[in-house]
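Novice: In case you want the letters, here they are:
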Amino acid sequence: MARIIVVTSGKGGVGKTTSSAAIGLGLALKGHKVVLIDFDIGLRNLDLIMGCERRVVYDFVNVINGEASLNQALIKDKRVSSLSILPASQTRDKDALTKESVGKVLDELSQSYDYIICDSPAGIEAGAMMALYFADEAIVTTNPEVSSVRDSDRILGMLASRSRRAEQGLEPIKEHLLLTRYSPKRVAEGEMLSVEDVEDILSIPLLGVIPESQAVLKASNAGEPVILDTESDAGQAYQDVIERLLGETVDFRFLVAEKKGIFSRMFGG
Amino acid sequence: MADANIEFKGSSFTLSILHLKTSNLTNIGADLQAKVAQAPDFFHLLPVVVNVAQFADSVDYQALKTLVEAANFTFVGFTGTVSKAQRQRIRDLGFSFVNTAKQTSAEQVAAQQTNVSTNPEANAAAVANLGFSDKVHQGQIRSGQQVYAKAQNLVIIGSVSAGAEVIADGNIHVYGSLRGRAIAGARGHDKAQVYCQKLEAELVSINGHYWLSESMTELWGEAAYLQLTDSELTAAKLS
Ligand SMILES: Nc1ncnc2c1ncn2[C@@H]1O[C@H](COP(=O)(O)OP(=O)(O)OP(=O)(O)O)[C@@H](O)[C@H]1O
Ligand SMILES: [Mg+2]
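Chains as they are written, first to last, in full-length UniProt numbering: chain A, 1 to 269; chain B, 1 to 239.
So here's chain B without its partners, still in its complex pose:
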């Protein structure tokens, strides 16, 4: 039987999407190398999907793939809003075309929510589809320590000391005081949020937009959450 040794299962993953602002390969290559030089370990073998929406007609697909791989990323495929014909062309060239899951998963969640209370398994699946799973850290994170939740949310049951750093690709929840640095949506996720019971942070960053403590005076010492609104960090009281 074909499934005696293997089994196919669906799952959702977080992939980094490379957005192009030009079809000029030399410029793209230079920027890629510069980006990687900033944090070689972080990007090494990172799976990447290239969004070709704007340049679907003009770009050299094979050369683009080579560029991405030369910068030591793992090339997964192409994505973007493109016409059916273009999508077929990409596939004919031997590359995979990846659809974003946003629409389909939203529909699934809506459908599954009808039987949430009666079917815990379906419930769990719905939550998984909504996004990241949680990495839970018990206890205080002390000065000099760093915790990173890769492709996950980070939940800290305890405080984050001044001089400590917490990083997540998803959201950060601190059930305690946030006195150190919190970096949410670390690999490009502008819906990421930071929640804490007491805001006294040295720095909060969401998808690269950051606040130093001087920007937090209004909510200093309060239970608060921070998010991005139109590419601006905003903070509000919890409750």
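Chain A extracted, bound-state conformation:
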């Protein structure tokens, strides 16, 4: 049975798709069989970040409608053979998905994959509810600012009340906090909430802190998930996330602003 993990947030543009891509690829690099599903029907972003947008023939909605088989729609990653992507449709609308049909697709995928990563659309409407409904675990992606934290809190309420696990009275969804676009400098200046602030408000276990990084934009433009950029701070932070997801204890990095060297301090660099 696969672990079904939803990457969700409430608020838009916080880094869900960036994180889904990095985590999916990271788990696959560890030898696990992983499928990434884009639930953002109508927008289609994940395939761009994964760099497979030109290989999309069939999509999630085609599978739901019985117009294509799962095998026809799944795109095998060129870098890691144990990773597949199920892209969203750009042309259909979100109403194409029903609980029943999505459940069937997930059941089928569960037979042959270890991890199913669901990249949720923003908001708390039907699309986001569908993405979280079947989840066993949730990676609640949050930026260190009040509105994003508030929306994540809202989503945590939904996870606890509107998911399949909640409805059927099963063990609750396992919740993880992923703090993204973290800028220690701006935290120090009081412009952003600190890790402790966010942990205190949401009180769920911290899975990772991804620093605000130039490397992310570079990676997106290249269609190479940032976890492949092993030199970058964001890439290394996502690497730590993978270790923690797999049960390792890893110290948190990139939480304090880098001390400037004596020269840059002297010359104001």
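Keep in mind that the hints were calculated from the coordinates and are not lab data. Hints may contain errors.
In silico DSSO-like cross-links for lysine-lysine, where the CA-CA straight-line distance does not exceed 30 Å [as the list claims (entries may be wrong)]:
1. K99/A with K76/A
2. K135/B with K84/B
3. K150/B with K84/B
4. K21/B with K35/B
5. K9/B with K191/B
6. K174/A with K135/B
7. K198/B with K185/A
8. K198/B with K174/A
9. K33/A with K174/A
Take the given structure of chain A and dock chain B with the ligands to it, following the hints.
Specialist: Same frame as chain A, but now just chain B with the ligands:
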């Protein structure tokens, strides 16, 4: 045998009491309708006892009952400090007269407290008589969620998020941070209190008297409790 199929047991309930400030039926009727219009679901079939203390001589009992029922309340009976003769008159008219339990229950509690440690059952009965039972919620109450303890106290083992709302007809206890809205004594109970381990609330209301966060600056972030003192909200540190 008469008790083969049924059994009578005593119990105490929370009933809403309608206090009259006039005996003018037209005005009473208008106010009732206006009140119900504010929250129709909340008041629908709510059991109500009418306090007639001030107007026991002048009021038309049958018309009053009709008014209350027309506003979709469930009429239970009359109450108030009235003379024995008046009480009898009310009963002769075919209505029940309800005594408030305050005095009797206080006496019972005092009597039962003597054997508290030896008789757990009597102990439990004493506590029940003191007021509301508890509704216990495990875990954090998140933004957008609402929990209501109807005719109960509300105990939350966890925090109440900003954007969440907790309501109780009795007291509210938050074993965590209170960042959202807390409404205690929701259906008219001015002895209700709100306790929390960390006061950072958006709003605290007791029996309709409320504070916004700007009134809480002195105890902000502290373990605190809030209550009504002479119809004014007051807050104090816990411990
Ligand atoms: N750690 C980071 N550092 C810098 N920029 C980042 C970081 N994470 C994400 N971004 C940028 O933020 C933007 C939004 O990211 P992304 O598309 O992953 O968010 P999303 O939550 O999936 O958005 P949506 O809600 O629209 O689906 C992108 O431009 C991305 O490059
Ligand atoms: Mg996205």
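Novice: Hint by hint, note whether the structure agrees.
Specialist: Now for the hints, and whether the structure bears them out:
1. K99/A with K76/A: holds, 26 Å
2. K135/B with K84/B: violated, 39 Å
3. K150/B with K84/B: Outside the cut-off at roughly 34 Å; violated.
4. K21/B with K35/B: The hint holds at about 15 Å.
5. K9/B with K191/B: Holds - the C-alpha atoms of K191/B and K9/B are around 28 Å apart, at most 30 Å.
6. K174/A with K135/B: holds, 26 Å
7. K198/B with K185/A: Roughly 28 Å between the alpha carbons, so the hint for K198/B and K185/A holds.
8. K198/B with K174/A: holds, 26 Å
9. K33/A with K174/A: With Cα atoms ~20 Å apart, K33/A and K174/A stay inside 30 Å; holds.
In summary, the structure is inconsistent with hints 2 and 3 from the numbered list given earlier, while agreeing with the others.
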